[in-house]
Every structure is written in C-alpha cells, then in structure tokens.
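Chains as they are written, first to last, in our numbering: chain A, 1 to 66; chain B, 1001 to 1340.
FYI, nobody ran anything at the bench for these hints, they're computed from the structure. Hints should not be assumed to be uniformly reliable.
To be verified - Calculated lysine-lysine pairs in the DSSO-like style (CA-CA distance at most 30 Å, straight line):
# : chain 1 : residue 1 : chain 2 : residue 2
1 : B       : 1168      : B       : 1145
2 : A       : 50        : B       : 1186
3 : B       : 1145      : B       : 1002
4 : B       : 1186      : B       : 1139
5 : B       : 1186      : B       : 1145
6 : A       : 50        : B       : 1145
Unchecked claim - Covered stretches of chain A, going by a simulated chain B footprint (3 or more residues, C-beta under 8 Å):
# : segment
7 : 27 to 40
8 : 55 to 62
Beta carbons are placed, not taken as given, at the ideal position from N, Cα and C, and that holds for glycine.
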Amino acid sequence: MSENDTSITVCPRGPLLVRGDFEILDDKGQPVPRTRETVALCRCGASAIKPYCDGSHKLNGFEKNR
Amino acid sequence: MKIPQHRGPVSSLLLQILGQNDLSTDLTELNEVATQALSDSDILCDEDLQLCLFALYELHYGGFERVSDQWEWHPGLLAFRARLETAFEARLRDAVGELPAIADTADQVAAQLFELAGSSTGPSVSEFVLRHATVEQVKEFLIQKSIYQLKEADPHTWAIPRLTGRGKSALVEIQYDEYGSGSAGKMHSELFATTMAGLDLDSQFGAYIDEIPAITLASVNMMSLFALHRRLRGAVAGHLAIYEMTSSIPSARYARGLRRLGFQSPVTDYFDEHVEADAVHEQIAGRDLAGGLIEEDPELGPSIFFGAHAVCFIDDLLGRWQMEAWEQGRSSLRSKELIR
Ligand code: FES
Ligand SMILES: [Fe+2]
Ligand SMILES: [Fe+2]
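Model the full assembly from the supplied sequences, consistent with the hints where possible.
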C-alpha cells in the first residue's frame, strides 16, 4: 500500500479512524504497540488505553452539542 | 457438537429423526406437533421450539456428531424450518413495531445507530460483573455467552457475498479482525475459549447446550435467521452495528471484574481485546457498513434498522433474565433437574 492510501477519518463525537500504511510513535520515537491494521485514536482525552479509543467518548458527552 | 437433549414434543421428534439419519423419513408427524406448539406458545421463549431452530441452523455451521451432513439441504427439513422462522420473524417484527424515519447519509445513519445503542434502559450485567459477581456467576455468564462467542463472527460472515461496495469492504475489514487478522490462535472465538479454559470450563462448542435457556438460543437463532436469508442482509449489518456499539465499555468492565477476582492475561485477553477492537469496529460498522449500504441502496434502510432494533430488544430481555436470576439468588441457566 502506498502512502497515498493512508486515510484519517474524523468520526463525529468520536475518535480518529486511521487506515492504511502508517506507524504510531511515542514521544521518544519508539513504536507504540499495535495489533490491528485500522486503529481508532482517542480524540476526547478520556480513553484508558491511549492513544487508542476505548469508547469512553460516549460517556463523557464529547462534542455533544456539535 | 453432541446432539442436545430434547426439551419437549417437537425437539424430541426432530432430534430423534436427525439421529436416525434416514433421509426418507416422513416428516408429517413432526409438522403436526409443531403446529400444535406454534399455536400454544410464544416462540421467543419456548424451550422446545428455540432448540429446534438452533438444531436446524447448526446443520449449516458445525453440525452434530453422528448426524448426516445430508440433512443440511433436506427439502422437508428446510420447509419445516421455514415454518418456525416465519413465526419467529413475525414475533420479532411485532416486538420491534414501527420503525422511525431513517436517515439517508452514512454520518446520520451512524448517529442514529449510536443513539439507539445507547438508549438501553435494561439492568447492566457488566456493572454487576465488575463489582459483585462471584467466580461461579462469572462462569455462568461465560456459559451463556459461549453458545455464540465460540463461533463469534460466523453468522455475519454469511452476508459478505450478498453485499457490494463500501458496505462489503467494511464488513470484511471487521471480520478480518474478528478472525485474528490472519494470526493463528488469535480469532476472537479462540480468545474466548482461552477465557473459558481459565475458569475451568469446557470450551468445546456446544458443551453446555443443555443448560442454555430459550432466550439465549433466541439471540443466536436471530443471527442465523438474518444471516441465512439474502432478503435480511441489511438486518445482519444492523445487528452487527449494535453488537459492536455495545461492546467496548462493557468489555472493559468484564476485564476489570475478572481482575478483581484474581484472573489475568491470557484469561482476560478476550475482553481487553474487545475494548480496543470494538472501539474501531463500531465506527466502521456504523458509518461504512450500515451507512455505506444505505447510501448505496436506501431500500436496505428498513432491514438494517429492523436488525438493529431486534437485537436491542433481545439483549434487553437477556440482561433482565440474567439480572433477575442473580438478584433472586439463583442461576439463569436451565437447572440440571429440568433437563430430562
Ligand atoms: S475518542 Fe473514544 S475514548 Fe476518546
Ligand atoms: Fe469480536
Ligand atoms: Fe468486534
């Protein structure tokens, strides 16, 4: 898959859905463990498994009035 | 799996017929006792009829020990199954009632489904498992789940060749993950088997069939009903969307409940995996699967939302059934004495 096939979808009131060929690095440049191809990255700040989403955005009213 | 014990006149006859493997058996009597049962009882929670449906569907999955594979497409049995299905589907449609107006863009469809998924008012089994359940109760909970989770994802897979475009890609994307993304031993059904084994339970599919009550069988029979009929392919999508949308947060509670009781990885892996996986799947299922299908073919809307509402209805009943039993200090499983 070429870089151009990578996409980030902003899910309303939810995470960023990232598909394609990419790497997630921590602040030291080390790869963040990843077990699936398509990931959901937390955007609301409440996830207990950051950087991934754990569905908590549904409990904290994230962007509710958008 | 082994042939289950019968639960009444219809399943008694059906299981006996299956076990004899004589494909020329006359099914007149079977149809007659079914007519009686269908007019006497509510198929949704009838032990006898739900077990019949389960057995007839199982012929399409793993089948039964010592039961001929030829029964799968036996015209007389299919006609018999159709009679039960007609009653079962009518019962579900009746419970769901009239559907609200359905959106026509993927974004709005996803929003509608998320709202529906979040609207359950039933008691929370996951809260109970998180805080209070004993090891025995967790075992019971796993036994209830095992009749689907040990073949997790299989019913929905049947819809793949019936879909096209974005919805099809989305379903394949989810199922690929459900089946472990190509890594042997990582299928969600296998992770569930590991959890069961960790609590000293038998993880062979169907090992506990005789203890599974009708309402639980109805929840898996509903999936097979949707999955085996092309006309209900939308319902498969709606069903999966709701399953995915009601999984991450409860799964986190189940994992914590297991840790509270002293269990750890790999016993907790099934639930930990579902926290992360289903936070992805719910977005794909809502927007790309259900939403994508409706954008491509708006006529699928009612079927998708029928499936979504039906699973909410059954899950609510299941949760109540489970919590009512526990609140009264008894098991939600069929008691051993009843099996005979
Ligand atoms: S966006 Fe889902 S938990 Fe934060
Ligand atoms: Fe799963
Ligand atoms: Fe999933």
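Here is what the structure says about each hint:
1. 1168(B) - 1145(B): Since the Cα atoms of residue 1168(B) and residue 1145(B) sit roughly 27 Å apart, the hinted pair holds (cutoff 30 Å).
2. 50(A) - 1186(B): Roughly 22 Å separates the two Cα atoms, so the pair holds.
3. 1145(B) - 1002(B): holds (18 Å)
4. 1186(B) - 1139(B): OK: residue 1186(B) and residue 1139(B) at ~22 Å, within 30 Å.
5. 1186(B) - 1145(B): holds (18 Å)
6. 50(A) - 1145(B): Cα-Cα ~28 Å, so holds.
7. 27 to 40: holds (count 6)
8. 55 to 62: holds (count 4)
In this structure, every one of the numbered hints holds.
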